[in-house]
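Trainee: Chains as they are written, first to last, in our numbering: chain A, 81 to 395; chain B, 81 to 395.
It should be emphasised that the hints constitute simulated quantities derived from the structure, not laboratory data. Don't take every hint at face value.
Copies of the same chain look alike in the list, so a pair counts if it works inside one copy or between any two.
As the list claims (entries may be wrong) - Quick list of in silico lysine-lysine cross-link-like pairs, DSSO-like style, CA-CA up to 27 Å: (1) K196 / K144; (2) K378 / K348; (3) K224 / K196; (4) K196 / K365; (5) K157 / K113; (6) K224 / K93; (7) K98 / K224; (8) K129 / K144; (9) K186 / K133; (10) K129 / K196; (11) K224 / K378; (12) K113 / K93; (13) K186 / K129; (14) K144 / K113; (15) K140 / K196; (16) K186 / K196; (17) K348 / K386; (18) K365 / K224; (19) K144 / K93.
Number of protein chains: 2
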Amino acid sequence: MTGMITYSMPLWKVENTKFGNVAYSTFNEGLGKVMRFGANGPDVIERLKWLEKVLAPAMKSALKSSGPIALRVLMAKALAMGDEMHQRNTGATSLFIREIMPHLIKTEQNNADLEKIVEFVTGNDQFFLNLAMVGSKAIMDPVKNIPYSTVVTAMSRNGTNFGIKISALGDTWFEAPVNQPEGLYFPGYSEEDANPDIGDSAIVETIGIGGFAMGASPAVVRFVGASSMAEALQYSQDMQLISVGLSTTLILPTMDFVGTATAIDARKVVDTGILPVINTGMAHKQPGVGQVGAGIVKAPLGCFEKAVEAFAEQF
Amino acid sequence: MTGMITYSMPLWKVENTKFGNVAYSTFNEGLGKVMRFGANGPDVIERLKWLEKVLAPAMKSALKSSGPIALRVLMAKALAMGDEMHQRNTGATSLFIREIMPHLIKTEQNNADLEKIVEFVTGNDQFFLNLAMVGSKAIMDPVKNIPYSTVVTAMSRNGTNFGIKISALGDTWFEAPVNQPEGLYFPGYSEEDANPDIGDSAIVETIGIGGFAMGASPAVVRFVGASSMAEALQYSQDMQLISVGLSTTLILPTMDFVGTATAIDARKVVDTGILPVINTGMAHKQPGVGQVGAGIVKAPLGCFEKAVEAFAEQF
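Please put together the full structure from these sequences, using the hints given.
Mentor: This is the structure we're talking about:
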């Protein structure tokens, strides 16, 4: 016996059925004091252990019973339920629950565990977020390494810099100082507590959800501190100007069923000066505290300029 | 032993906690071949029996465990999830599932029954409709019998006439020939199959949901055959002109969080000629077939004119 903590992190596995590539993500822990926003107290560790030992094995058995769940179908339906799937996943989480619940009940034999699993998942509106993220990654990975393409295949932030990748230049990151999100804080916190923008969740914006689909999500307007429905619709319209096209499956019912703007073109960003808009959670700048709010942040122009310059040199 | 079929119809009981009145409704059977649209085959009867013997007792035990569920809170949340709660209850049904499921799992000991219950409820987007109806009735009943008030306390259709009640005149029905809904038909059916508008579900429009909240529900636009989001928003705006006020709890996020138009004033309907808009299901005109489509119908002016004339005579 040693004092070492052992932990096998359970992961979702998502396959792009058209291209055969797979992507992985962790399970969503909820809001507030959670590991991914930097919280690390005993309750956080205990929850992670429970996710590993109880929730993940139960989900695995349920998924064996259900067979693979078509994430893009859930995502399309959730856009009709007021989600943009970055800061609001209420609809998508609900739909996922309705898909998996009959199978969980069939496969989970321990009733006390089943109760706790159902309480945890039904109590966490953001449970689907990590599936939206990994689904987005599975969609964008095959877009990498297309010669002459300046489509943005990933956007991420490390709390200091904002980085993007563009298709033709593979896995090179182009970075610029990250912006501070503007938004609303949970009770007891203010902008003095917030770290500059952080996390890899902006992968969802690369396929056209999150900030790009804000027009589909009037309810997120108040959560992220936007002023009005008109502002949300304007974001979704503006994003069309910097994207290659409109999605044929992820449509925005509030905008008369137009497809969401998908596949950001770094050249269009530089040409127009219109910056990708991201709905983001705000982490406390001190480790151990966790999420303190939610807001809107724009990608910095600098990383698009650097990418386009590198592209011009190479091609 | 005789050949008589015995059936005790299970009912939801909903209490208006402010005024103490209660209202009751049946359980929603789903779409298509269902009793409330006139279908009566063996599968319909079998489902009703199962609702009586299995689902209703399980729901009763679960509700004992959960305590009363606040319907108006679910309704307010569902308006942010694209429901108008007459022809679209996807969000409200999902939220209800998330409230009740942990308790169902706790209280239902028969796993085979639990599986079937969960499959039935998760498979029926309109499960919440009957709760929206009975909730609306519980809200409007205390509005009855207010002297000098021309607020509409009920709207209903029997397939031949459309009837309304107004507050000051208690339980008198004022009737006019019912209109034919216009909308979209399920595959295999056309307007030749549809009965004129029928049913008591228009109670939901009296509190400001259903057609009155169409602006909150872009996804219902296509289900009921409206042309655009703008048309849906226009209906919700028009309904403000014939209503007493705007709800303080049932708000429309798509319209910058304005309250839905609530409490139709029969005098305003007659003065403006603007007719209450109702999102409705269409029943086949032959008994035994069931629901054949969904669409939009307007209340006929005649019943409002008759009510206002009777009101003028009395006051």
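Trainee: State for each hint whether it applies.
Mentor: Hint check results:
For the homomeric pair K196 and K144, the shortest alpha-carbon distances inside one copy (20 Å) and between copies (19 Å) are both at most 27 Å. In this assembly of identical chains, the alpha carbons of K378 and K348 lie at most 27 Å apart only when taken from the same copy (15 Å versus 48 Å across copies). Neither within a single protomer nor between protomers do K224 and K196 lie at most 27 Å apart by alpha-carbon distance, with minima of 41 Å and 45 Å respectively. Taking the closest pair of Cα atoms, K196 and K365 never come within 27 Å of each other, the shortest separation being 32 Å inside a single copy and 48 Å across copies.
For the homomeric pair K157 and K113, the shortest alpha-carbon distance between copies (25 Å) is at most 27 Å, but the shortest distance inside one copy (30 Å) is not. Taking the shortest alpha-carbon separations for K224 and K93, only the intra-copy value of 20 Å comes in at or below 27 Å, while the best inter-copy value is 57 Å. Taking CA atoms no more than 27 Å apart as the test, K98 paired with K224 passes inside one copy only; the shortest distance there is 15 Å, against 60 Å between copies. When the C-alpha separation of K129 and K144 is checked against a cutoff of 27 Å, the pair qualifies only within one copy, where the shortest distance is 22 Å, while the shortest distance between copies is 32 Å.
Taking CA atoms no more than 27 Å apart as the test, K186 paired with K133 passes in both settings, with 19 Å inside one copy and 21 Å between copies. In this homomeric assembly, K129 and K196 come within 27 Å of each other (Cα to Cα) only inside a single copy, at 14 Å, whereas the closest approach across copies is 32 Å. In the homo-oligomer, the alpha carbons of K224 and K378 lie at most 27 Å apart inside one protomer (23 Å), although the nearest pairing across protomers, at 53 Å, exceeds that limit. Taking CA atoms no more than 27 Å apart as the test, K113 paired with K93 passes inside one copy only; the shortest distance there is 25 Å, against 39 Å between copies.
Taking the shortest Cα distances, K186 and K129 sit within 27 Å of each other both inside one copy (24 Å) and across copies (23 Å). For the homomeric pair K144 and K113, neither the shortest alpha-carbon distance inside one copy (31 Å) nor that between copies (32 Å) is at most 27 Å. For the homomeric pair K140 and K196, the shortest alpha-carbon distances inside one copy (16 Å) and between copies (21 Å) are both at most 27 Å. In the homo-oligomer, the alpha carbons of K186 and K196 lie at most 27 Å apart both inside one protomer (16 Å) and across protomers (10 Å), since each shortest distance falls under that limit.
Taking the shortest Cα distances, K348 and K386 sit within 27 Å of each other inside one copy (14 Å), while across copies they are farther apart (62 Å). In this homomeric assembly, K365 and K224 never come within 27 Å of each other (Cα to Cα): the closest approach is 33 Å inside a single copy and 57 Å across copies. Taking identical chains as interchangeable, the C-alpha atoms of K144 and K93 lie at most 27 Å apart only when both belong to the same chain, with a minimum of 13 Å there against 39 Å between chains.
The structure fails to meet hints 3, 4, 14, 18 from the earlier list, while all remaining hints are met.
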